[in-house]
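Each chain, letter by letter, is given below.
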Amino acid sequence: MIPFFYSIFIVAAVWLGAVAIVDRFKSIPSTPLLHAGLGLATFFILLVPIGDFPLWKASFSLYPNPSLLTVGLVVAALWRRLFGFALLRATERRAGWIFGAVVGSVLYLHQMIYGRIDLYFWGWNRDAAIWCMAAIGVAFLAAGNRLGVLFLGALIAYSCDTLESANGWDYLIDPVLWLAGLGIFFFRTTFWIFARFRPAAA
Amino acid sequence: MIPLRPILPHLRGSLKSPLPSLMAIAHHAGVLCKPPLHRLPVRSRVAWIVLTVLTAAWVADRSRHDDAVAPENIAAVDPFVPEVGVAASIPYFAQSYINPPGHTASSHCSVLCALPSGDLLAVWYGGSREGAADVAVYTSRLKKGAPTWTPPVVAVDRVMAQNELDRYIKKVGNAVIFPDRLGKLWMVYVTVSVGGWSGCSLNLKISDDDGHTWGKSRRLTLNPFLNLSSLVRNKPIYASDGRIGLPVYHEMAVKYPQILWLTPGANGGVQDYRMRSLPEKPGLIQPTLVALDDDRVLMMMRDVGAQRKLRTAFSNDNGWTWSATGESGLPNPDSAVDALRLRDGRILLAYNDAARGRENLRLAISSDDGVTWTPGATLERADNLEFSYPYLAEDSYGRIHLTYTWQRKRIKHLEFNLAWLDGNARSIDAAVSQ
Numbered sequence: 000m001i002p003f004f005y006s007i008f009i010v011a012a013v014w015l016g017a018v019a020i021v022d023r024f025k026s027i028p029s030t031p032l033l034h035a036g037l038g039l040a041t042f043f044i045l046l047v048p049i050g051d052f053p054l055w056k057a058s059f060s061l062y063p064n065p066s067l068l069t070v071g072l073v074v075a076a077l078w079r080r081l082f083g084f085a086l087l088r089a090t091e092r093r094a095g096w097i098f099g100a101v102v103g104s105v106l107y108l109h110q111m112i113y114g115r116i117d118l119y120f121w122g123w124n125r126d127a128a129i130w131c132m133a134a135i136g137v138a139f140l141a142a143g144n145r146l147g148v149l150f151l152g153a154l155i156a157y158s159c160d161t162l163e164s165a166n167g168w169d170y171l172i173d174p175v176l177w178l179a180g181l182g183i184f185f186f187r188t189t190f191w192i193f194a195r196f197r198p199a200a201a
Numbered sequence: 000m001i002p003l004r005p006i007l008p009h010l011r012g013s014l015k016s017p018l019p020s021l022m023a024i025a026h027h028a029g030v031l032c033k034p035p036l037h038r039l040p041v042r043s044r045v046a047w048i049v050l051t052v053l054t055a056a057w058v059a060d061r062s063r064h065d066d067a068v069a070p071e072n073i074a075a076v077d078p079f080v081p082e083v084g085v086a087a088s089i090p091y092f093a094q095s096y097i098n099p100p101g102h103t104a105s106s107h108c109s110v111l112c113a114l115p116s117g118d119l120l121a122v123w124y125g126g127s128r129e130g131a132a133d134v135a136v137y138t139s140r141l142k143k144g145a146p147t148w149t150p151p152v153v154a155v156d157r158v159m160a161q162n163e164l165d166r167y168i169k170k171v172g173n174a175v176i177f178p179d180r181l182g183k184l185w186m187v188y189v190t191v192s193v194g195g196w197s198g199c200s201l202n203l204k205i206s207d208d209d210g211h212t213w214g215k216s217r218r219l220t221l222n223p224f225l226n227l228s229s230l231v232r233n234k235p236i237y238a239s240d241g242r243i244g245l246p247v248y249h250e251m252a253v254k255y256p257q258i259l260w261l262t263p264g265a266n267g268g269v270q271d272y273r274m275r276s277l278p279e280k281p282g283l284i285q286p287t288l289v290a291l292d293d294d295r296v297l298m299m300m301r302d303v304g305a306q307r308k309l310r311t312a313f314s315n316d317n318g319w320t321w322s323a324t325g326e327s328g329l330p331n332p333d334s335a336v337d338a339l340r341l342r343d344g345r346i347l348l349a350y351n352d353a354a355r356g357r358e359n360l361r362l363a364i365s366s367d368d369g370v371t372w373t374p375g376a377t378l379e380r381a382d383n384l385e386f387s388y389p390y391l392a393e394d395s396y397g398r399i400h401l402t403y404t405w406q407r408k409r410i411k412h413l414e415f416n417l418a419w420l421d422g423n424a425r426s427i428d429a430a431v432s433q
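Residue numbers (numbering that gives the first Met the number 0), protein chains in the order written: chain A, 0 to 201; chain B, 0 to 433.
Heads up, a few of these hints could be off.
[Said to hold, decoys possible] Here are the simulated DSS-like pairs of lysine-lysine, each with C-alpha atoms no more than 25 angstroms apart in a straight line: (1) B:Lys215 - A:Lys56; (2) B:Lys169 - B:Lys215; (3) A:Lys56 - B:Lys308.
To be clear, the hints were calculated from the coordinates, so they are not data collected in a lab.
Every value quoted in this text rests on a predicted model; they were computed, and no experiment measured them.
Please work from the sequences and hints to get the whole structure.
See below:
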């Protein structure tokens, strides 16, 4: 069976990467035809074996459970590149990265800091996972944030067992989102510090 | 609410030009907006919130089950072992090797399972060296009444695992086998896609024919960070509610024991699973579980820390929660042990009796549910050689079987009964001369 959300994620991520690289070259006009060609090239990149393995399978070996938030953010970024307008506002995207950085840090590091709590275990409690996802989604939606729709998507995906994992946490957060969130946080913080303390021009 | 009037024309037009129509519908639903994007309109927020709550209620209602409670009534004696035979009072001891000499350059991590048919099935991994790409998980069978083990058969290797799991597999490793209550045989085994053993994941195979053939591998997702770093070594415990508690352990960043609770489905196979981690016991791995009476379970753990002492913990709720870690009074050279509850209630332990090195293998007995231990027969002892990773099982005759890694070259098999165990001297010479 083809892993549905992994397929969406990996196609969107590679396609987005290809479009972003080509867009760096100002001399190449960014046209729908070029984007479609890059889309075709994406399938070539994913399916042609490099060594013993195509990128499709090599990436799946380590990262078979992309969270719905990651899938949504990557698809939204690709959409913006392809069609020229955004599905998510900048503040909504930022909320997604902050969610990834904060929730990922709690989930992945809590046992190293305070060993008696096992948060991941509660992700197997279906009732708790369902209502947690719903509560997070409602909180985002109440604030007018479209990421709430992704949490509704996570809830539906979880109920259909669409990921390889049966743990609710894996529908909300994954290490790629966590590390990307942390990276963006540190990059922005560093940028802000340099901008804040840059000596005034003479 | 979502305005239906502007959406209807787009619904009608969606057959002719689906993508623009769907985008327009999404735009009116408040999901998409051409720039400048605004915060989700209040009407849309309310609609989405209602949809989210209704979906959650519907999903929760059809949620299958909830196993987030302690299991019930762990079986203190293996339910598949029938009564002891009449020859039990005559001391019996025999030794053999499971795999032939030179079969693989390296053999390690054996496991034994007494099948309901009366056969014994052994599993181990072998190859050019531990962690090599050519390592495979082998099985060998001692048929009921037969004097010798059958030639080793590959149960799973790197390529098979790769094809069955549809992902890159660098190597395979530790495997355990155990029966479920329907008579199917389960194998949980380790694969690594990246890095060393701390980068491994667990997979499940099930056999309907006592291990002659195995079904397709299934990946178990057990850990939050890329599902890395759960390994398996010892035998499970069985709860009366059907759940199987398999002791596993975590190795990446912090090493600690875990219990994997598997819920078998009505038609065989795993219906559900969940892991309970015990990170409050850092530096302790390869837990071995022994079901005691009155919902109590004993756990013994390998010590990878500096103190090198065999550690114990107790559970009063069938292995769901655990006491603080205690000391067994026995040393542990950072090596696996195994324990078996005997029919008279005592607990038999096989271990390396040293704080450094795996140069001996010894038995110990506890008559007080694992609180204190009396060292018994030394089964192996040789300088600079390795005798490790013991595994104990009881067969349908009531005889005790012990397999272990012999000098990393072969898997050795000892068979004895309680009469031998009780009457035996404490030296290897006495043990072997029986």
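Which numbered hints turn out to be false for this structure? Structure breaks hint 3 only.
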